[in-house]
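Construct the entire structure; sequences and hints are all you get.
Protein sequences appear in the order of chains A, B and C.
The first sequence runs -6 to 255 under the numbering used here.
The second sequence runs 23 to 309 under the numbering used here.
The third sequence runs 266 to 633 under the numbering used here.
Simulated from the structure, these hints should not be mistaken for laboratory data.
Check each hint, because a few of them may be wrong.
Result set (DSS-like, lysine-lysine): computed pairs, CA atoms no more than 25 Å apart in a straight line [as the list claims (entries may be wrong)]:
1. A:K109 x C:K502
2. A:K21 x A:K244
3. C:K502 x A:K114
All of these numbers come straight from a predicted model, not from anything done at the bench.
Listed below, chain by chain, are the residues.
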Amino acid sequence: MVINGSGNGMLLKARGLTKVFGGLAALKDVSFDIREGMIKAIIGPNGAGKTTLYDLLTGIYMPDDGRVLFHDREIIGLTTHEIAALGIARTFQTIRLFTGMTVIENIMVGLHHRTKAGMLKSSLRFPAARREEAWMAGEAMRYLDVVGLEMQAENLAGSLPFGQQRLLEVARALATDPKILLLDEPASGLNTYETRELGEIIYAIRDMGITVVLVEHDMGLVMRISDEVLVLDYGEIIAEGSPESVRNDPKVIEAYLGSQLD
Amino acid sequence: MANGLANGCIYILLAMGFNIIFNSTGIINFAQGEFAMFGGLFAYTFSSALGLPLFIAVILAILITAAIGGVMERAVIHPLRHANVIAAIIATIGASIFFKAIGFLFWPNEAYKVLDFTTGNLSLPRVTVSRQFLWVFGLTILSVTLVYFFFNKTKAGKAMRACSINRQAASLVGINVSRMSLYAFILAAALGALAGLINAPFAKYSIGLFLGVKGFTAAVVGGLGNTFGAVAGGLALGLSEELITGFLTIVLGVSTGYQEAVAAILLILVLLLRPQGILGKGIVEKV
Amino acid sequence: MIGDDSKSQQQRPHARQGGASDRVLSFLKAHKALLIFAVFLGVMPVWAEPIASTIHLDIVLVMRLVGVFTIAAVGLNLLIGYAGQVSLGHSAFFGVGAYTSALIAVKAGFPVWIGIIMAILASALIGLLVAPVLRLKGHYLAMATLGLGIIAFVFMREMTWLTGGNLGVTSIPELSLPGVPKNDISEFYIVWIIALIILAFCSNLVRSRTGRAIRAIHQSDVAAAAMGINVSWEKIKIFMLSAALGGLAGGLYAHLQGYIDPNLFYITLSIQLVAMVVVGGMESIWGAVAGAGLLIFLPKIVETLPRWIGPGVPKPIADYSNYEGIVFGLILVLAMIFMPSGITRGLSDLVRYRRSPFINPFKKQAVE
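Shown next, in the form of structure tokens:
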């Protein structure tokens, strides 16, 4: 399989991704590109393989076949934390905040790989470690500001209302300074107002120069903000293109209606 | 071989206790070895000290230990039924320390001689085995069979199996999960007591932790939670202990004291290399 | 590796290059409670020594042990409370530290403090060697570490050419500093100066970048990895630190007692250490102090009770020597049922979040 070289603005290229769980293919030969600076949505009925795709891209699972190039660098086979350090950040469908830590500490964990004070230096309070700590606190507030949670900095993350927990997870992912942000159903559980706010935040993130990928069920949000939509069904891509073209694609309509009739 | 088999039988009974409790509560019961301690010491008191017939003494020892298991469940485990398993496990450690201290209060000597069921040897055409060993073997087979029938033929046993598969679902279909936890402790304590009293000739207050670790190792080797995997695990542990110790002492000429480490090494190796146990199927870990 | 590191360096505000006095001031501010505690300890011999014979309890003598176990417990709390990795094998590190330090002093004749340093290094090294068990989770990890504790115990007992087996190692020199008289009180001060340094070190650690990383791993290892944290390496590092602190405590213990044998380092010791962490308070530096203090003092106090009451006590009760077990076992059970977040966490939650100390922090959350 030949993948064309760089220079065409493609940030991430997936080719032939396949993942089988116990004889059942969760993903079959999935290939797509993500262009730098776009907002790309991945949609599909439940069980279509969207979260599995994220798990492959972030090294939580190894694919049975296929490659992923990020900045023309193969990332399959790297560990989750190596991939995060390269600049791929994600959120989780079921929120995985560090609930027993404060809001600002959650963000500071996101800053982990961008800082380097070691165990001894920070425990002995070396000046460099203290400077770094002060920088982290300031930087963390900046990210909280992006999602409007700066007033909550000292509260426990687990004590936030659900919608704010989702936003905190987004801010935490942003703190890793990603090139690409994978959001997994960020609007699920949010009310209409919060969803609209989320849309604005996603735009703001895009304007920070970060490419956004969005797995989402809220079609209003998807159609409004995405530049491109990719539709998965039973682990296969059935459509890809602009929101309008996908919305009118007979295969997509069938997949959604069919799944509703089940 | 006979020695390894006899030890294996003790490990089987203890391991079944671990598995039964693990299945119905998700807890590793650190006091399992102390059930064995009570079994042996009560048998001593009723038979040697009070002069009751051994048969009666054994029954009494098992019943009293089973009752202790039940009381422990109500006093320690039941209040923690909504807690994290780690808290419950630490509470069982506390119970085991408490039991050991009680054992020391009433039976402070280093060791007590429990009577053999029948003394002497039985001569078969080719081998000679001690009658005690036949009792150990027979009682173990009997217990395993009874437990098998309990889980497969009785309503309470089937309900307990349902709990082990999915506690929440079991409670939804009307199974009293809390009562199953009580039954599990009673049954496990009875099995532990039997293990303790066939662990003759000596019973002592300090035996609990030692036997507990062996029983747990057997449970892990056979696959934690697999009630009948305990049989394979117990035999594998008993025999490999004897073989490896024989190898160490006869071939390498080192002290038999290392035998105690064999179970621990086996435990770690199985956990690292085959955490589902020798009989278990592969575990698919889902994040 | 990451191109933006230099960029982020530049973004940092130019913090004032703090002078030495500035650093001392900031240290004092950060550790007010520790200072108050240090003053409390500093004057302890003054009032505790005169009453020792009246109350049948030499508080200073017992406090030396509390100091030692505080060091081990705070190290174990980093692992269990903060990183969420339960170890039931810390008796191994404690024992390795004790034997290393004792043998270096007794057999090789080196100064005590060389032995103590070697004890720290040896335990950390053993910690690194057995680190593969950290791949295991939950009670599987607990059981594997329990196995490690047993293996270490058997080796201590059976390697008689080195350890003396069950006869143990005798006449281990006491802790001493040049120019300081050798006695219980100077040992008390030496132990607690070290313990206070360790407490300050650990309380800095848990509030630092590394501390946040291990707490993150505790709450969700998947999310921690997705934040760029090298989960297995962070676990190994904290395990080694925890082992090293166990070794330090073991080394000090050997010199305080003057005699060690393998039975002191059986898995009951591991369980005692875990109990100190849990009863004192998980995820709490002060919990280690409270846990070690309570679990060492309570049995001693119970033991002295018959002597307070005097001759009226029935002989079997006066002779009984295992109150420790009964008290200790009951404390563990009752703590889990009534104050499962431990003494210090329970109290601090009460103050900070107005939350009852009797709420169970382990309460299962509806996950997925």
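Here is what the structure says about each hint:
At most 25 Å may separate the alpha-carbon atoms for a hinted pair to count; A:K109 and C:K502 meet this at roughly 15 Å. Between A:K21 and A:K244 the CA atoms are separated by roughly 17 Å; this keeps the pair inside 25 Å, and the hint holds. Taking the CA atoms of C:K502 and A:K114, the gap is near 14 Å; set against the 25 Å cutoff, the hint holds.
In this structure, every one of the numbered hints holds.
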